[in-house]
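4 protein chains.
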Amino acid sequence: MLRPDGQLQEEKVFKDPVHRYIHVRDELIWELIGTREFQRLRRIRQLGTTYLTFHGAEHTRFNHSLGVYEIMRRMVENLEKKMTWEKDERLVCLAAALLHDVGHGPFSHSFEKVFQTDHEEWTSRIIMGDTEVNKVLRRMGEDFPARVADVIGKTYENKLIVSLISSQIDADRMDYLLRDAFYTGVSYGQFDMERILRVMRPQEDQAVFKHSGMHAVEDYIMSRYQMYWQVYFHPVTRSAEVILSKILHRAKELLADGYEFQQTPHHFQSLFESTMTLEEYIRLDEYIIFYYFQAWELENDPILSDLCRRFMDRHLFKYVECDPSEQMIIWPELQELFRKIGVDPEYYLVIDSSSDLPYDFYRPGEKDERMPIHLLMPNGSLRELSRESDIVESISGKKRTDHKLYFPMDLLLDQQEHGEEKRRILTLLHQQEG
Amino acid sequence: MLRPDGQLQEEKVFKDPVHRYIHVRDELIWELIGTREFQRLRRIRQLGTTYLTFHGAEHTRFNHSLGVYEIMRRMVENLEKKMTWEKDERLVCLAAALLHDVGHGPFSHSFEKVFQTDHEEWTSRIIMGDTEVNKVLRRMGEDFPARVADVIGKTYENKLIVSLISSQIDADRMDYLLRDAFYTGVSYGQFDMERILRVMRPQEDQAVFKHSGMHAVEDYIMSRYQMYWQVYFHPVTRSAEVILSKILHRAKELLADGYEFQQTPHHFQSLFESTMTLEEYIRLDEYIIFYYFQAWELENDPILSDLCRRFMDRHLFKYVECDPSEQMIIWPELQELFRKIGVDPEYYLVIDSSSDLPYDFYRPGEKDERMPIHLLMPNGSLRELSRESDIVESISGKKRTDHKLYFPMDLLLDQQEHGEEKRRILTLLHQQEG
Amino acid sequence: MLRPDGQLQEEKVFKDPVHRYIHVRDELIWELIGTREFQRLRRIRQLGTTYLTFHGAEHTRFNHSLGVYEIMRRMVENLEKKMTWEKDERLVCLAAALLHDVGHGPFSHSFEKVFQTDHEEWTSRIIMGDTEVNKVLRRMGEDFPARVADVIGKTYENKLIVSLISSQIDADRMDYLLRDAFYTGVSYGQFDMERILRVMRPQEDQAVFKHSGMHAVEDYIMSRYQMYWQVYFHPVTRSAEVILSKILHRAKELLADGYEFQQTPHHFQSLFESTMTLEEYIRLDEYIIFYYFQAWELENDPILSDLCRRFMDRHLFKYVECDPSEQMIIWPELQELFRKIGVDPEYYLVIDSSSDLPYDFYRPGEKDERMPIHLLMPNGSLRELSRESDIVESISGKKRTDHKLYFPMDLLLDQQEHGEEKRRILTLLHQQEG
Amino acid sequence: MLRPDGQLQEEKVFKDPVHRYIHVRDELIWELIGTREFQRLRRIRQLGTTYLTFHGAEHTRFNHSLGVYEIMRRMVENLEKKMTWEKDERLVCLAAALLHDVGHGPFSHSFEKVFQTDHEEWTSRIIMGDTEVNKVLRRMGEDFPARVADVIGKTYENKLIVSLISSQIDADRMDYLLRDAFYTGVSYGQFDMERILRVMRPQEDQAVFKHSGMHAVEDYIMSRYQMYWQVYFHPVTRSAEVILSKILHRAKELLADGYEFQQTPHHFQSLFESTMTLEEYIRLDEYIIFYYFQAWELENDPILSDLCRRFMDRHLFKYVECDPSEQMIIWPELQELFRKIGVDPEYYLVIDSSSDLPYDFYRPGEKDERMPIHLLMPNGSLRELSRESDIVESISGKKRTDHKLYFPMDLLLDQQEHGEEKRRILTLLHQQEG
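Residue numbers (this note's numbering), protein chains in the order written: chain A, 1 to 434; chain B, 435 to 868; chain C, 869 to 1302; chain D, 1303 to 1736.
Treat the hints as calculated values from the structure; they're not laboratory data.
One or more of the hints may lead you astray.
If you want a taste of the chain C side facing chain B, the calculated C-beta under 7 Å gives, among others [stated by the list, open to error]:
1) Ser1055
2) Gln1058
3) Met1090
Sample of chain C residues with no beta-carbon within 10 Å of chain B, all distances over it, derived [what the hints assert, rightly or not]:
4) Arg888
5) Glu989
6) Lys1003
7) Asn1026
8) Asp1060
9) Gln1098
10) Tyr1100
11) Gln1130
12) Pro1170
13) Met1196
14) Ser1223
15) Arg1251
16) Leu1281
17) Gln1283
18) Gly1287
Below 16 Å or equal to it, Euclidean Cα-Cα: the simulated EDC-like pairs (lysine to aspartate or glutamate) are [unchecked claim]:
19) Lys113(A) / Asp352(A)
20) Lys949(C) / Glu346(A)
21) Lys252(A) / Glu157(A)
22) Lys774(B) / Glu854(B)
23) Lys252(A) / Glu112(A)
24) Lys1512(D) / Glu445(B)
25) Lys949(C) / Glu112(A)
26) Lys210(A) / Glu878(C)
27) Lys832(B) / Asp894(C)
28) Lys1267(C) / Glu1204(C)
29) Lys81(A) / Glu879(C)
30) Lys1724(D) / Glu1638(D)
31) Lys950(C) / Glu10(A)
32) Lys1314(D) / Glu628(B)
33) Lys644(B) / Glu1638(D)
34) Lys1022(C) / Asp1073(C)
35) Lys833(B) / Asp1258(C)
36) Lys880(C) / Asp894(C)
37) Lys516(B) / Asp1692(D)
38) Lys399(A) / Asp1692(D)
39) Lys644(B) / Glu1313(D)
Ideal Cβ positions, reconstructed from N, Cα and C, are used throughout, including at glycine.
Turn these sequences into a full structure, and let the hints guide you.
Spelled out as structure tokens, the structure:
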């Protein structure tokens, strides 16, 4: 069915609000997009609970995945002017870009924490397992799926290709910054991608950037920094995430305790038990989750039903800043007080910490070491970005962490009895805010 | 809980990618947004199946409803410079703008056709019935909910207010053109809203537009025309809608026939039987629908499961243009041929017609008569738009209809037997395309 | 000095606010941009007196010429996928696009009317004469300048190429609509150029457009229509043009009458006398004109100095709509009245008519016949645009003309004497407005 | 002629590509815009020689001045919700915003360096002197012009008002960043102005910013930083400025030496002699300058004519980075070598240094001390920006300086003789580049 050169008779395009058009010239890509596993990404939002803070951010991972593919397509087009690929490497690149997120499940962030799953592992299973995606990939050769999986898993031999999709400045990050900025409506995510692509140069095992384009790279790093604190770590988004996690925890606990559900979580019971099959995983999308959450609003367990109602109707927890060292001291008392007024602190008193390392150079020996961004100087040498840029230097390697304490202020305010405990709680919370 | 003047202590804003910010100054509006029925709009997409054609169009009616409110807020601000309102009329306007779509269900277009329901009726029931929305509205006075419902139902005494939300140029249309253009990424929907708002003048029972702003109004009418044919009636979107309708039909039929579902449609059984309660309706969102559709992929009924798989995995029907007069002749033969090759024409051979009347002046006596757009001439007289604008005149009152015949090309191509019937079918379809 | 393949070692780019980047890969283009005659376009505004109405529109023909080149570059890139060129045709195209306006002088519109010059003739002379442009072009071959001039003059053998730069939908029009919309800030000029380029197909002697892209072409025609009436024919812009023409007329008359200028118009005296040399023409830019106009504010001739002051300080004439048939009757009386109150009607009472034919199909035998836009139908046949598009049909071949009568309202209002004449003038003007 | 309340009967608007519309409600503002001195700003470009680098940047100070006014209008509208003004303070603000640049001359940067003039002083003279601007202002009261001049001169009593137009984050800077980014087409200048205006709070003698808006302020500071290095200090722009300065120097020198000009610089002779009158200054615009430069291309003095041709035809100097300490050593030899090959180093070997201090907090005792930006903390206290923001802290108080050595590479390359000197020069220049 594939033509000898694997090219489509006529280029196909998708209208895209961020890149204007997504261009597809290869039959391989066209068919991957049509697979059931890829179409499933339409049912998983790109930004989890962020839509509860920024109502515009209702876009899905399908949307983003096409965008990453398109940026990669342009990168490859540019790089091919400066180098020649081994056979098929171009298609490996494009397929990896398209599929890099194919293993994401609903609200991955929360699910992974509660169930110790890993979307990267599922991505690999979808690519290598008995799936439509695998069938399409295999037509390019028996080892083709493995090559694509290796690029995404960062173990691929050609490190240049790996760096295009997983480095501190790659097709994935570039797309999500632009796209998330577009959909949320914040202006921070803008940077001059076209210029960055123009100054990109292939160098053995990575892409580097001509020195003359440094300011565009700087601007990209700043955009990333701003998007993290303005959008990704927005405290309201995290409040919804806290509740979501607690729902999952509660369901897991109830199941373990033999609670009789009116709506048993068939679809993710196996996840609780770590026996989920690939087929089951593929069926698990956000629509399933919301179906259960809506059903559970009517469960007898007051915690489960309250948390589900909060999530569905956006009655979120309030928060105060908190200082973890100080919090250690008041924590036991605060928990005790919550218990006294009949509110289970395990579910209703939660510390959430977010931290971001906007850019880092190479620190040998440390785990999670990052490949630095290199500039190509006029004399042909390479220089690590933060040594040239004051601004990048200023945030380089500096992890910023933010701790917040979440709790249902409405429950406190509605309390008619326990006046004294309530006052004491509010005082302690107020101290936290410091 | 409401302050005497009903104003929030500090204005609240929502970041919006279309209008930059949505400004909320009234406690009434703030609380309406927080109701369960309004939050539910986050689970109903604005453009139904359009996301299968334009992947960017994943936005919901929540998103749009805030936008309509914001445009109305600006309209009211402008009009208040030229006139004075009766008490509370301003809040009636704003609430009606916010709530005008609150009764929409999942994929309303298809559901309404299959089940003879009417989202406008549900809107009225949500506003008047035992809901959080009603509770919040009633705080403004016992008759306040009815006033809001009347504006949306176009029966409100103050026709000027009705025209701001339901006329050929109103807050609803202005927002959806801009918003749908933004999310799909097409450029056609753009027009100069700020100028239109500036030239708007209140005149007894309608808003009219200063003659100097005619070109901005023309441009809006053209945008509307283009959006209909480029986006709203896109044949791929309609293909998905055709399948969606057929799924609902099939489920209804199976239920009537006593078919034993593995996943019985509890959530919309009452809809099939026209006994749905308000509470049931409010629970019915797109997440529920997708849950069933995914479950039904595994049903034994081959038609139901095939159609559901098609919808979920975007294996849509192909189409040919068709001429209804010609089609009358070949129709029986075509149906017969489909039956012969074992494909039920009731579900797999579908004519879909779309038609749009981009603008119309007043034609007394005709049903669906429309209030024309009036220009305010320099000498103070009013003049109907199409008498001044050649372009609008050219499309005025001209209904354009498009007929397409949808069918599963893949099933035809996969057919191994029935070679002759297949050839004959393809010939007939080809004729249609004329 | 040119490399064998004529390609630059590294592509050069210009940052452009409309097309993001202008890409230059050919040494020929790079060197043409650097010529004195092309750099001169920086001193001639794209939209003449429009900056007096839309303050943002201060951009020059240099700006626009680069844009036309860039669109042509993209057109050529697309067309080359569908066809092969004769040798050098590609560079002929690009050079013609870049140079198509190189013969424009300051305020061409007004100058050409007053002095019966023709910028197209000057373009040809700059390309063929003793200029830097000619020197650069000649390096490509002795006949190369003539080929470029022929494309611009529409006499080139390859009519396809001619149509890319001079037809009802060409690189020139596409750039100026987008660019003028951008700089004025009006939203009307937007259309989806990328889509138009994608659906363009070469067909013997013209470029045609795939039927599926018809709506994008429609939208372009509408943009053109709106820009004409909203921007290009704006009555305030025309008021400034009227004054400009009258200044030139007056200077010409004074020179003929032997008036002794304090600042003699050395730079365009030869233009008055139709003996201007190429070298003189190249020196004639808007800076020269403004220099004289400012100097002439101090001339003794009251008409010349008043008109110059009006132009420089933007004290423009007011206008009323006028009906030419009616005007014939009152015209003599109006002129007489102006004379009576001491205001010379030759300079202070001016009718200006603008007319636009937004689109036309082919009308054999008529002068100024236009090549129609053709759609390429699915069956391979061609069809003229207005036969497929209702909207285009509605404006097709319909010339719209607008007449306005310009006069200095301030002079009338300041009049202390001649009360009766003044009242009669205002009455007559008011009738005109009808 | 002014109505009692000074409001226009109907609001007037200017279409603006940056702010969409400029709104004028006060007759005072409307009349100021119409003055000869304000209209003159149409003939002075906002960014001097930048159009030679970014061809889109052809906008004038007229364009920018309207923008500053519009931002101020919005600031005032916001602030008026939080405070009450003394009588007329609002109009003083608006007039000062509109007129803050009215004293700028052509290429102010270069002119001020060569002639020791000061545009701020001319601004004051235009406001206080015998001008149309002064006449219009005086209608508001005898002391009104002085109040406006004091705001611009930063000596006005109400320091809050001064800070709105002259501080590290003011209406002037906000407009030019947005506007210059728009016209050049670079994306760096974007920031969320609407948010900044929303979080602005009046506090005694300055405007402060709510802590929740810190990231928007950070983003503004970063935009400013990027615009300086990407646009304002672009080395090509500075090359043109170097040539411009040298033209002025040469003309001054020739005049002092009694050289006989064919085109004597009547218009700025008095500037050379520091005797320029207000009337002469007002006539001095960029059109005059270009007139002379074009005329001087034909002067006998080879340096003057060469430099003018370079400027007009954009044959600029090339540059190398240079290290001032190192340069001290090679400087004498380099100058000597230039002289040997017959190129006057005074005009053809120029060091240009640019430096920017992107943000600074208050450093008592230092000259040029700057008012810091203050954040309004949740507890009501104020905190200087760089103490809260890591990024701002990283660039705070750090002056970055860039030195470049400019010279005519073409002259060196064209040299046929002096081969040895030429090689030596190139070697020395190459060293500089380090």
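Hint-by-hint comparison with the structure:
no., hint, in the structure
1, Ser1055, "holds (5 Å)"
2, Gln1058, "holds (5 Å)"
3, Met1090, "holds (5 Å)"
4, Arg888, "holds (16 Å)"
5, Glu989, "holds (35 Å)"
6, Lys1003, "holds (42 Å)"
7, Asn1026, "holds (32 Å)"
8, Asp1060, "violated (5 Å)"
9, Gln1098, "violated (5 Å)"
10, Tyr1100, "holds (13 Å)"
11, Gln1130, "holds (43 Å)"
12, Pro1170, "holds (34 Å)"
13, Met1196, "holds (24 Å)"
14, Ser1223, "holds (14 Å)"
15, Arg1251, "holds (14 Å)"
16, Leu1281, "holds (20 Å)"
17, Gln1283, "holds (25 Å)"
18, Gly1287, "holds (26 Å)"
19, Lys113(A) / Asp352(A), "holds (12 Å)"
20, Lys949(C) / Glu346(A), "violated (65 Å)"
21, Lys252(A) / Glu157(A), "violated (41 Å)"
22, Lys774(B) / Glu854(B), "holds (11 Å)"
23, Lys252(A) / Glu112(A), "holds (14 Å)"
24, Lys1512(D) / Glu445(B), "holds (14 Å)"
25, Lys949(C) / Glu112(A), "violated (48 Å)"
26, Lys210(A) / Glu878(C), "holds (13 Å)"
27, Lys832(B) / Asp894(C), "violated (51 Å)"
28, Lys1267(C) / Glu1204(C), "violated (33 Å)"
29, Lys81(A) / Glu879(C), "holds (11 Å)"
30, Lys1724(D) / Glu1638(D), "holds (12 Å)"
31, Lys950(C) / Glu10(A), "holds (11 Å)"
32, Lys1314(D) / Glu628(B), "holds (14 Å)"
33, Lys644(B) / Glu1638(D), "violated (73 Å)"
34, Lys1022(C) / Asp1073(C), "holds (12 Å)"
35, Lys833(B) / Asp1258(C), "holds (11 Å)"
36, Lys880(C) / Asp894(C), "holds (9 Å)"
37, Lys516(B) / Asp1692(D), "violated (49 Å)"
38, Lys399(A) / Asp1692(D), "holds (11 Å)"
39, Lys644(B) / Glu1313(D), "holds (14 Å)"
Violation of the numbered hints given earlier is confined to hints 8, 9, 20, 21, 25, 27, 28, 33, 37; the remaining hints are satisfied by the structure.
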